[in-house]
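Protein sequences, first through last, are from chains Z and P.
Residue numbers for the first sequence follow my numbering, beginning at 297 and rising by one.
Residue numbers for the second sequence follow my numbering, beginning at 2 and rising by one.
Treat the hints with care, since some could be wrong.
Stated by the list, open to error - For lysine-lysine, the following BS3-like pairs were computed, each having C-alpha atoms within a straight-line distance of at most 27 angstroms: (1) P/K45 - Z/K427; (2) Z/K502 - P/K15; (3) P/K94 - P/K82; (4) Z/K404 - Z/K427; (5) P/K94 - P/K45; (6) P/K56 - Z/K427; (7) Z/K546 - Z/K522; (8) P/K52 - Z/K427; (9) P/K78 - P/K56; (10) P/K15 - Z/K404; (11) P/K82 - P/K45; (12) Z/K546 - Z/K336; (13) Z/K522 - Z/K374; (14) Z/K456 - Z/K374; (15) Z/K546 - Z/K456.
These are calculated hints, taken from the structure and not from any lab test.
What follows is the residue order along each chain.
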Amino acid sequence: MSRRGEQHYSAFDKPKWAAVLFLLPGILTFILFRYYPMVKAIIMSFYDYSIMNPPGEFVGFGNYTRAFQDPMVSLVWKNTATIVGLSLLGIFIPVILAILLDEVRGGKVLFRTIYIIPAIMPAMVTIVLWKWFYNPDYGLLNIIRQGLGAQPLGWLNDPKLAKLCLVIPGFLSPGYTALIYLAALQGIPRQMYEAAIIDGAGYWQKLWYITLPRIVPMMGIMLILKIIGAFQTFEAPFVYTGGGPLNSTKVVALYIYEEAFNFYRMGYGTTMAVILFFFLIVLTCLQVRFFKTDPDA
Amino acid sequence: MPIIQPSEIDRRNKRIVITIYIILVLGAVTQIFPFLWMLSSSLKDNIEIYKLPPKLIPPRPTMVELQFDVPEGATQKEIEKDAVLASFYLLKKEQM
Numbered sequence: 297m298s299r300r301g302e303q304h305y306s307a308f309d310k311p312k313w314a315a316v317l318f319l320l321p322g323i324l325t326f327i328l329f330r331y332y333p334m335v336k337a338i339i340m341s342f343y344d345y346s347i348m349n350p351p352g353e354f355v356g357f358g359n360y361t362r363a364f365q366d367p368m369v370s371l372v373w374k375n376t377a378t379i380v381g382l383s384l385l386g387i388f389i390p391v392i393l394a395i396l397l398d399e400v401r402g403g404k405v406l407f408r409t410i411y412i413i414p415a416i417m418p419a420m421v422t423i424v425l426w427k428w429f430y431n432p433d434y435g436l437l438n439i440i441r442q443g444l445g446a447q448p449l450g451w452l453n454d455p456k457l458a459k460l461c462l463v464i465p466g467f468l469s470p471g472y473t474a475l476i477y478l479a480a481l482q483g484i485p486r487q488m489y490e491a492a493i494i495d496g497a498g499y500w501q502k503l504w505y506i507t508l509p510r511i512v513p514m515m516g517i518m519l520i521l522k523i524i525g526a527f528q529t530f531e532a533p534f535v536y537t538g539g540g541p542l543n544s545t546k547v548v549a550l551y552i553y554e555e556a557f558n559f560y561r562m563g564y565g566t567t568m569a570v571i572l573f574f575f576l577i578v579l580t581c582l583q584v585r586f587f588k589t590d591p592d593a
Numbered sequence: 002m003p004i005i006q007p008s009e010i011d012r013r014n015k016r017i018v019i020t021i022y023i024i025l026v027l028g029a030v031t032q033i034f035p036f037l038w039m040l041s042s043s044l045k046d047n048i049e050i051y052k053l054p055p056k057l058i059p060p061r062p063t064m065v066e067l068q069f070d071v072p073e074g075a076t077q078k079e080i081e082k083d084a085v086l087a088s089f090y091l092l093k094k095e096q097m
C-alpha cells in the first residue's frame, strides 16, 4: 500500500524526540495536577493529617476503620444512594426530548435553541433561581399551590421532600444530554428508515426497531456518567440546603468537604474521598461489563 | 435522521408530527419560564421582590437603586437635595 518517500509510523518506531518534547508539557501538567493529588490523597488518608505540621501522625488504617463505624457515614451513603436513585428517574427525559427534537422540520433552530439555553446557563444560576422558587414564604411554587387551593409545602425545609427538590431542577434541564443523543440520532443512516418504509413499518415500529437499538449504547454511556455524577453531587446540596434539614440532604461529597475544610480533619476527609473513588471505580467496571457499548454487536 | 422521512408525510404521520410540536411547545414553556423569571427578578428592587402575589412584569422596572444616607430628623428639603445630588453624581459618572 505504501509508496516510496512516504513515511511510516508505527507504535514500534523509535520515539520522535520532537514529538516527545511537544507532548511533555501536557503530560507533566496532567501528572502534576491529576495524578499527584490522587496519590497524595491516598497517602494522606493513612495519616491523622495535620495542616500545621504535615503529615502528622501515621495511623495506618485507623481512618478507614473509623469511617466504617461512623453512623454519619452510613447516613450520607444512604442519602447519596437515594439521590442517585431519584435522579435516575429522569434518564429517559433527554432521550424523549432528543427524539422529539429530531422530528422537527419547521423552526428547527428555534426549538433547539430554546432547549439548549438552560444547559448554557451556569449551574449556579439555575440553583439560585430554584432556591427562590422553593422558598416556603414567597417562593413561586407555594404561591401556585395556594392559588390552586392546596396547602403550602416546606419544599427544601421538609426532610421528606428535600431530596426530591434537589433532583427536580435536573429533570427540567435535559438540554445538554439531549444534545448528545441528538448527535447519536443524526448518525443513524437514512437507508435503514427507507428500507423499513418499504417493508411497511409505521412510526412506532421504526422507533422501536431502528432508532432505539441505535441509541441504546449511548444511553449506556450516559447512564454510567449520570451515576458517577450523581454520586459526586456537591454543589446542589451545598447551595440549596447545606446538608439540612435534619441531615436529610447531606451527601458523601458534602460530608467530605465539611470534615476536610470546616473541621480540618484532612486525613478523615480524604479517607472518605478515597472510599468514594474506589467505590465508583468498581461500580463503573461492573456497568461497563453489563452494558454493551458497541452499536453493531 | 428524522424517523418520519419526507416521502411519507401522509395523514397518519401528520398527526404524530402535530403531537410532537404540541409537546415541544409545552416543554418550551418550562425552559423559558425560569429564564424570564430571572429577567423579571433582576428588574425588581428589594421590596418588590418579596411582594405577594409576584408579578412577571414589574409595574415599575428598576435598574438603578439609590440609597440615601440622611441624618435623623432631616427635613424634606435636605432629603430632596441629597436625592438631586445623588442622581447628579450618577449622571456625571455616566458621562465620563
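For each hint, the structure was consulted:
1. A threshold of 27 angstroms between alpha carbons decides the hint, and for P/K45 with Z/K427 the separation of about 17 angstroms falls inside it, so the pair holds.
2. As the CA atoms of Z/K502 and P/K15 are separated by approximately 16 angstroms, the hinted pair is consistent with the 27 angstroms bound.
3. For the hint pairing P/K94 with P/K82, the CA-to-CA distance comes to about 18 angstroms; that is within 27 angstroms, so the pair holds.
4. The suggested pairing of Z/K404 with Z/K427 is violated, with an alpha-carbon distance near 32 angstroms, which exceeds 27 angstroms.
5. At roughly 23 angstroms between alpha-carbon atoms, P/K94 and P/K45 fall within 27 angstroms of each other, so this suggested pair holds.
6. Taken as a hint, the P/K56 and Z/K427 pair is honoured in the structure, with Cα atoms around 18 angstroms apart against an allowance of 27 angstroms.
7. Restraint check for Z/K546 and Z/K522: satisfied, since their Cα atoms lie roughly 19 angstroms apart, inside the 27 angstroms limit.
8. Proximity of P/K52 to Z/K427 is assessed by CA-CA distance (about 17 angstroms); at most 27 angstroms being required, the pair is judged to hold.
9. For the suggested pair P/K78 and P/K56, the alpha carbons sit about 34 angstroms apart, so the restraint of at most 27 angstroms is broken.
10. Using a Cα cut-off of 27 angstroms, the hinted pair P/K15 and Z/K404 holds, with the two alpha carbons roughly 17 angstroms apart.
11. Annotation: proposed proximity of P/K82 to P/K45 holds, straight-line Cα distance about 25 angstroms (limit 27 angstroms).
12. Distance restraint check for Z/K546 and Z/K336: the Cα-Cα separation of roughly 26 angstroms lies within the 27 angstroms cut-off, and the hinted pair is therefore satisfied.
13. Distance hint between Z/K522 and Z/K374 is fulfilled; the C-alpha atoms sit about 18 angstroms from each other, no more than 27 angstroms.
14. The suggested pairing of Z/K456 with Z/K374 holds, with an alpha-carbon distance near 14 angstroms, which does not exceed 27 angstroms.
15. Annotation: proposed proximity of Z/K546 to Z/K456 holds, straight-line Cα distance about 13 angstroms (limit 27 angstroms).
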